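Asks: Put together the whole structure using the sequences plus the hints.
Residue-level listing of the chains:
Protein chains: 2
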Amino acid sequence: MTTFSIRLAVRDDIAAIVAMLADDALGATRESPDDLTPYRSAYERLESDPNQLLVVADRGGEVVGTLQLTIIPGLSRRGSTRSVIEGVRIHRSTRGQGLGAQLIEWAVDESRRQGCQLVQLTSDSARTEAHRFYERLGFTGSHVGFKLQL
Amino acid sequence: MTTFSIRLAVRDDIAAIVAMLADDALGATRESPDDLTPYRSAYERLESDPNQLLVVADRGGEVVGTLQLTIIPGLSRRGSTRSVIEGVRIHRSTRGQGLGAQLIEWAVDESRRQGCQLVQLTSDSARTEAHRFYERLGFTGSHVGFKLQL
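Protein sequence lines, in the order shown, are assigned to chains X and C. Following numbering that gives the first Met the number 0, the numbering of the first sequence begins with 0 at its first residue and continues without gaps. Following numbering that gives the first Met the number 0, the numbering of the second sequence begins with 0 at its first residue and continues without gaps.
To be clear, the hints were calculated from the coordinates, so they are not data collected in a lab. Owing to the predicted nature of the structure, the values given are computational and were not obtained by experimental measurement. Errors might be hidden in some of the hints.
To be verified - Some residues of chain X that are not near chain C, with every Cβ distance over 12 Å (derived):
hint	residue
1	Thr2
2	Ile5
3	Gly59
4	Gly60
5	Gly95
6	Gly97
7	Leu98
Unchecked claim - Per label pair, the in silico range of CB-to-CB distance:
hint	chain 1	residue 1	chain 2	residue 2	range
8	X	Thr127	C	Ala24	26 to 32 Å
9	X	Gly95	C	Leu7	45 to 51 Å
10	C	Arg94	X	Arg10	44 to 50 Å
11	C	Ala125	X	Ala18	35 to 41 Å
12	X	Gly59	C	Glu134	43 to 49 Å
13	X	Ala27	C	Glu104	31 to 37 Å
14	C	Glu104	X	Gly114	30 to 36 Å
Virtual Cβ for every residue (Gly too), placed ideally from N, Cα, C.
Replies: Structural data, given as C-alpha cells:
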C-alpha cells in the first residue's frame, strides 16, 4: 500500500497544485497554469490566515493531491463552528489508490480537532462519481449549492 | 416603502439574531435561545476575524434580519476569492417586504467590493421557496451541498 504524507502546502508547491487544478474536465477552462502570478498572490492570502489550511499529499517528495480546508465560526446551530472543504484534486497518476478518502479523512479529523461540529462542501451536479464518493465517506447531499459569478 | 439599514452586528444584537435563527422550521430543533452562552463565545470569534461579517438589518432600532458573509481566498479559478453566505433569516414580522433580497444584494455588493469573483451558499433541499428566491437573484443551483455532522 502506498504511503502518503499530508502536510501544509508551501510556496514551492504552487505549480504542482495548479497543474492538478487545471487537469480536470471543469478546471481546464478555468485555470491558467502557464501564469502563476494570480496563484502566488492568493497563496500569500491563504498563508496569512490561520483559518485557511491549504494542504498537499506528498508521496516521496512528489505532490499528488491537494485540498483546502476553511474554518468558519458562526452563531447558528448553538454557535457551531463549521469547516468547508474546497479544491479537492488527486493527481491523475494516483487515482484509485485511496488517496481521496485519506485527504477527506484528514480534513474531517482536523475539523474535529479544531472544534467544528459540521463539515461541508459542494460538488458540481455533473460530478456524480464524486457524489457517491462523499456519500461513502458519510456525507449527506442534503442541500442545493447556489453560485453567483461576479 | 420600509427602509432598512444593514450594519455589522454588535454584541447587544445576539439575542435578536438567535431568536430569528430559532424561529424557523429547521432552526427550531437546533437552537437554544434561552441560553446565549455558546452564541456569545461564537460572536467573539466572529468579531475577531476580519473575514467574517455578521450583519443585521435594522428598522428604526429593531433587528429584523441577519446574515453572515465569509470571505475565502483560494487557489482555484486563477486564485479567486469567493464569499459564502450563511445564516440568512428575516424576522417573521417583516417577511414579504423585500428585505431578503436587500440583504443578499448587500452581500453580493460587499463581496464585489472585497474582490470576490464568486458568491456561494447552500440551502436545504427542503427549502424550495428559498431556491426560487436565490434563482430570481441570479444564483444558479449548480451544485450538490454535502454535510457531515461531527
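Asks: All the hints need checking, so say for each whether the structure fits it.
Replies: To see whether the hints hold, each was checked on the structure:
1. Annotated as non-interface, Thr2 (chain X) keeps its C-beta farther than 12 Å from every C-beta of chain C; the closest such distance is 25 Å.
2. Remark: the non-interface label on Ile5 (chain X) is consistent with the geometry, its nearest Cβ contact in chain C lying 17 Å away (cut-off 12 Å).
3. The claim that Gly59 (chain X) lies off the interface holds: its Cβ sits roughly 23 Å from the closest Cβ of chain C, which is beyond the 12 Å cut-off.
4. Look at Gly60 (chain X): its CB is around 20 Å from the nearest CB on chain C, clear of 12 Å, so calling it non-interface holds up.
5. Every beta carbon of chain C lies more than 12 Å from that of Gly95 (chain X), the smallest distance being close to 21 Å; the non-interface claim holds.
6. Distance check for Gly97 (chain X) against chain C: the nearest CB is about 18 Å away, which clears 12 Å, and the non-interface claim stands.
7. Leu98 (chain X), annotated as away from the interface, keeps every beta carbon of chain C farther than 12 Å; the closest lies near 18 Å.
8. Between Thr127 (chain X) and Ala24 (chain C) the C-beta distance comes to about 30 Å, which sits within the given range of 26 to 32 Å.
9. For the pair Gly95 (chain X) and Leu7 (chain C), the supplied restraint of 45 to 51 Å holds, since their beta-carbon distance comes to about 48 Å.
10. Taking 44 to 50 Å as the suggested C-beta distance range, the pair Arg94 (chain C) and Arg10 (chain X) conforms, at roughly 49 Å.
11. The given range of 35 to 41 Å is respected by Ala125 (chain C) and Ala18 (chain X), whose C-beta atoms sit roughly 40 Å from each other.
12. At roughly 48 Å, the beta carbons of Gly59 (chain X) and Glu134 (chain C) sit within the given window of 43 to 49 Å.
13. Separated by about 33 Å at the C-beta atoms, Ala27 (chain X) and Glu104 (chain C) satisfy the suggested range of 31 to 37 Å.
14. Look at Glu104 (chain C) against Gly114 (chain X): about 33 Å separates their beta carbons, and that is inside 30 to 36 Å.
Of the numbered hints listed earlier, not one is contradicted by the structure.
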